[in-house]
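J.: Sequence lines, in order, name chains L and V.
Count the first sequence with numbering that gives the first Met the number 0 and you get residues 0 to 371, in order.
Count the second sequence with numbering that gives the first Met the number 0 and you get residues 0 to 521, in order.
For the record, the hints were derived by calculation from the structure and aren't laboratory data.
Please note: incorrect hints may appear among the correct ones.
So the derived label-pair ranges between C-beta atoms look like this [unchecked claim]: (1) V:S502 x L:A229: 24 to 30 Å; (2) L:D112 x V:E186: 21 to 27 Å; (3) V:Q387 x L:V64: 23 to 29 Å; (4) L:V64 x V:G449: 28 to 34 Å; (5) L:E89 x V:K79: 39 to 45 Å; (6) L:H110 x V:E196: 22 to 28 Å; (7) V:N109 x L:L60: 44 to 50 Å; (8) L:T162 x V:D35: 54 to 60 Å.
Where is the CB? At the ideal position from N, CA and C, for every residue including glycine.
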Amino acid sequence: MAGASTVPQGTRDAAPPGPVENDAAQRIEPPKLHPLLRFILIRIGISILLIWGVTVVTFLLTNLVPTDPVAAILGDRAAADPEIVAQTREKLGLDQPLIVQYFTYLSNLLHGDLGVSNQTRTPVLESIGQVFPASIELGIGAILISVVVGLLLGLLSALRQNTIVDHAIRTLSLIGISAPTFWIATVAYFVFFFKLRVVPGAGRLDPWITPPPKATGLYTVDALFSGQMATFTNALGHLVLPSCVLALFTIGLLTRFSRSSVLDIIRFDYVTAAKAKGLPTRTVVFKYIFRGALVPIITVVGLAFGSLLSGAVLTETVFAWNGLGQYAYRGATTLDLPVIMGVGLVIGIVYILVNFIVDLIYGFVDPRVRVR
Amino acid sequence: MKRLTRNFVAICSTLALTAGLAACSGGSDDSGGAGDTIVAETAFNLKTIDPHRQFEFTGSTIDNAVYQTALEFEDGDLTKPTDGLCSFEMSDDDKEMTLTLKDKDAKFSNGDPVTVDDIVFSFERLQGIKGNPSFFLDGVKVKKVDDETVKLISKDPNPALPYILPNASIGIVNSKVVKDNEGTTDENDGAEQFLNENSQGSGPYKVEKYDADSQVVLTANEHYSGPKPKFKRVVLRNVSAETQLTDIQSGQAQVAYDLNADQAKQIDESMGKISSLPSTRSLYIFNNTDEKLGGPAADPNFRKAVMAAIDYDKLVDLAGEGSQRMASLVPNEFVGAVSKDDAPERDLAKAKALLKKAGYDGEKIPFHYPSDQAVNGVDLAQLAETLQAQLKEADINLDLKPAPSSTQLDGFRSAKQPMGIGTWGADFPDPTNYNVFIPGGSVAERVNWGKDADPKLAELAAEASKAKDSDRDAAYKKLYKATTDTGVWIPLVQPVDTVAVGSSIQKFVSNADTSFDFAKAE
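Next comes chain V alone, as it looks inside the complex (with noise of 0.2 Å):
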């Protein structure tokens, strides 16, 4: 028996030394070092890098680094769209669109020019062939001038336009190549395969590798017009949150863009800086319009009441630093924002006197909400149980209605739903975005609030649309703040995007619209 004990402390031990060499022998005489190279880890949501079918954060971010566009925000200044490879003018009326290539030196990575009939095509396969991003130019006519030359010409105004085009989405794509590879700008387009392996850009970086599960590789597109990335690799891989933390306090990653609250504030210097930015996601409670599937949520007094129940420090709090009141749907810094100071605020006492008024006598109401999903590190699933509470506080009762996030949505597209926790991220940078929150827009409809369900909103929604220049801000701002009076929307939060950068990277910009550019990291 003794002669047993020794033979298994013998295998034991010499398992655990196979191990033990095993991992602590590195190399990578294979290929080269990790000087030159970024990683970066998200947890990825990548369903193509196609970017006229992206619409994801992920397939976005690598498309930010891969593709040009027309127009950009410098230096993240959601409020100013500036040239890119165009510059461009608007007509007075805001119907036309005049783009005039401007970055002639441009080239894709194969070292093709980019020319107006590769934004021609791009444009028009954005369009037509029907993805998830098709919409952006949805009644736009693209029309080519000359070889320098493209109108877009809009049936109604379209003062937006400026802030669309810098989405990744519309990115500018090599025609020829995607047209010989079966892109058209049609249905039948069926070039997404070979653009998710092959991209045709002309941005600082190409594709490498693509593999939507685990991880794909960017290396330094070598005809890029601009200044040349400091990295000449970016390694993007598909990471949970606990071990993004744990990668960038050891030096193995150099960005992690999910890092909640809690887990940005165990980062010291000494292992990396965070960078917050104002998230352009907004937060907010629904409560369906129709008596009988909303039930108490359909009286606009039972509303108010929710209002004034909520206290929105807290969860501000809850949202981690940076994080701030919204006063509408509009996050804070963009045009038509209403301003925070006039967010709403907690007041028990008014709480139960519209509940007297309303006739509620405590019934619970389901309150729906995806219980996988976390907003910029807010968990979705710990804000619906910390409303609960708060409203309990004014006897409101909250019947928790936890589901996968398809299954929510799928609930919530349906206007079934009596109450719930909604989610907006902003496709683009402008009060326009947000007009489905308005009677008998998409996303009203899905709290059945109909286009004749407040002439008084119509009104200021058909005055914001004629506003122009900086009358707009004036004319969305009145018609958002009259928006949340309502009560139909409660906003919550704006969250805050943090991203936590390595201490291996010294100099980097960090903007709203890339949230890391990669090509600018030193």
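Same shape as in the complex, but just chain L (with noise of 0.2 Å):
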């Protein structure tokens, strides 16, 4: 479990054990942290490592791409013209040495500039902060439905387990997790969009409709925000089926993931004390056995979240979602560089985060970290 890990150990912990005979233990000790915010300042520092080493992991394997750039920019007779040529290398700063290159990158970034795009002149941050709500607004479309239904399958398998309810969700799980996306996406909208016209067409919203005013990015947060009822149910009609595509891959992850941690904890003798005591059922399975079952789930719907929302790159291409996944893809496939490296960046940051937040909620769900 990557989170529990990166739980702090005090130094005192660290130290050898007995009493200390020297002047050092007569010296007034600096005051104190709070564990927590100590705690939560040691990951911001290490935080601010990681991103650093993302720009460079970004920058050199970008740079490693054995592609001239300029030439997936220029036409076939732009190119053929060493002036034109010089003149696109020279605007773009790929005529100056690579550690001019990234030390500029890098005070340009400090300066929260992302560069601009090499095909469409577009300012990177720009449009990542276009697309990147698309982004989060599936993803959390995804993981709610992910969480809710893979947690309760789960749930369901181990309490069952061996039952034919056990083997029937193993089963579902199992498709879930090798289906390929997209053929799923494809075959779903087909079926239904096209064949029961139960939901909306592709898009975040029917062509028709204007989206509603930028406040979030988020069109069904923006056109509750703005009062725009039919855009919101527009926009929610259309989040549903990409959002359940999306989530079958993570609903059997989660699925197989909680029923293996409820079978573990179930075997615990606190849970057996509570079943003996008397308990009811639900007290017995939500308070004893969910609760104890959650920490390792914690860390994979971080995981599945970070990943969610760093791009669902076949999904969103079938369902015409203007997400991070399509930006990226297009950068890649265009060697756009600048593109390249503002979404790696912003997928590393994603994860730092995600990672962060899951760390924090360990100490709220789980009391002995809280202790240590």
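Using the hints, put the two standalone chains together into the complex.
T.: Right, dumping it as structure tokens:
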């Protein structure tokens, strides 16, 4: 469990046992930080280092690609004109040594500038600001469905271990994990939109509907803010099918994890004691078993959410959902280095933030973590 | 436990009900219905809609609807340029073109009249900002004569100029507004972002919303001097080909640009119509003429053997109904195209005899192609695999080297690839556009076919450049027939440009230069 390993160990725990017999023991100790605050500060420090690492890795990796980005920008005729090639190279700063390019990138980054797309000449930060809310909206929809359905299925499966219900749920979760997303998405779109007409078509809104005034970039939320109920229901309708398709994999994953986690907990003595005390089944299941099983599940939910936020290329492609995944894919296929680096950085930050939040949640869910 | 099951069923039912209600709820009261809107779908390759910088299909589709040009191709007849904003006259030596402002009622979307100054600025901006389409007016001097006349003066005879000017990249912009927004006629121009968000054309539409990643919305230009378009709004969306098919079938979209032959067959009359036009793109095999880099491909006998080993009819089947054989790289509808009756034929015995003559011993030859690209629905990866199988029958062994488009293109431009698949889309419908394939031309340099490599071709090229009027056709045919005979470029197939049009559109004009004319749809 990635998060568990990051729980801080107090320095006193690490010190050798026994009395300290030197002058240092007499010194006035600096005021102690609250363990939680210290934990947060350390995590923030580590996160900043990690983000810097992400900039180095994305920069190096994108520059290792054995292709000249200028070739991807210029047409055949323009590429044959050395003057235009040189001018383009200079304009993009590609005529500078790699180390200069990196420090220019880093300096711009510190000023909140992720660069400009080589292809569209649009600031990367501005584009990410437009596409990221779409991914967040889709990711939240998918994770909500996944958590509710996945956890309940896992719980049910564990409590009915080795019955037909258990076998059926395990088979379904296996299908969810192994079915190719692109195929599922295409079939689901064909069946539910074209044949059954129970969901609207591709896109975040019907083409003839104007998006609501931008506040958060999440169409459902913005439509509510501006009181456009028809736009809200339309946006919500468009969200349903892609969220369900995207959730299939995560439901499968969470079902399996929560089943195995519940099965581990169910064998503990305190659960047996709770049952022996004659506590109601609901209390035993939700207060004793489920809560105890939550810690490893939270890690999986966190990672799954990070992965959903960082872009679901195939689902976004089929449902014409203009999110981070499609933006990243387009940047990669056109060798748009600022876009690739910008998206890489955002995805890195998303994972770091999600892990950070997961670590904090541990403290609330598991008293043992709080004590440590 | 039973209670848990009941709870689970209840939660799932609630979720499903909520989802179902949300999904089924439509709603368009915030912006009106869909009746006056055309929804068109394509997989975007959009970089900009600044007319003097755009050079891709999506940008061109938009600019065709937004900007007028000095000359036009009427109803898509690419052999006859006609008057647009201007009428034109060429001098006898083809060095001077006189443009006279004809449409004096033409107005930009802000109501300003179109003037000769706008035309001069647009031409000079195209040349000066050094964008992808700047080459269109290379070597051309733009001179304002008076408030009605512009002269385009070329150093060398330039008979292709009337075929070049209808291109959407030479759209006429409102010079005053563009200059006020950092527009210049040199490399310091900074009006691209402004033009992306605030179109400055006099065409039937103007840009309402521009998003290079998801969709572009056009609305009718109330100052347009031509017939008012019936559809007041056009939404061009970035959608994959698979989804386009479902959207056309369901009526969600009215125009789909990227369906391949198999997908097009799935649309019956109740769902829509298929408009098939000969594409202006050519698919070919290139062979590197450098012995060290090309290996066997540098040997003329080997190249001719490859030409004789290909089953062209099967390639036409692969490209779909309406695609054609090619006898040169020039599309069959252009002046100077070699008749497709003269296209190479499959002859395996001849191929094997030529291979023997070339001393080819079956070694594997790296064969490069972009694996992520489809040209008018022809998947280049599938084409490469088909060619590999066909050539194998003549004992020619291709070692397939797929790569992403940008990587493959970079390799091709560095002139180091021995063999592979190339594609060429016409920049303008004139045989001079294919001079780049003649020894010393910019594309010929990528297979190390230098200027002095073939004196006979150089002579034919010189003759063709001097030919005038009806003689040009014969002269260029001779040149390109001789070029094909060298086997350096092996023309494979001219694909078909398929546009699916939904059943809600009763009348439309679909032509080779604009694919689908939004303004003329009813």
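J.: Confirm or reject each hint.
T.: Against the structure, the hints come out as follows:
no.: 1; hint: V:S502 x L:A229: 24 to 30 Å; in the structure: holds, 27 Å
no.: 2; hint: L:D112 x V:E186: 21 to 27 Å; in the structure: holds, 22 Å
no.: 3; hint: V:Q387 x L:V64: 23 to 29 Å; in the structure: holds, 27 Å
no.: 4; hint: L:V64 x V:G449: 28 to 34 Å; in the structure: holds, 30 Å
no.: 5; hint: L:E89 x V:K79: 39 to 45 Å; in the structure: holds, 42 Å
no.: 6; hint: L:H110 x V:E196: 22 to 28 Å; in the structure: holds, 24 Å
no.: 7; hint: V:N109 x L:L60: 44 to 50 Å; in the structure: holds, 47 Å
no.: 8; hint: L:T162 x V:D35: 54 to 60 Å; in the structure: holds, 59 Å
The structure is consistent with each of the numbered hints, conforming to all of them.
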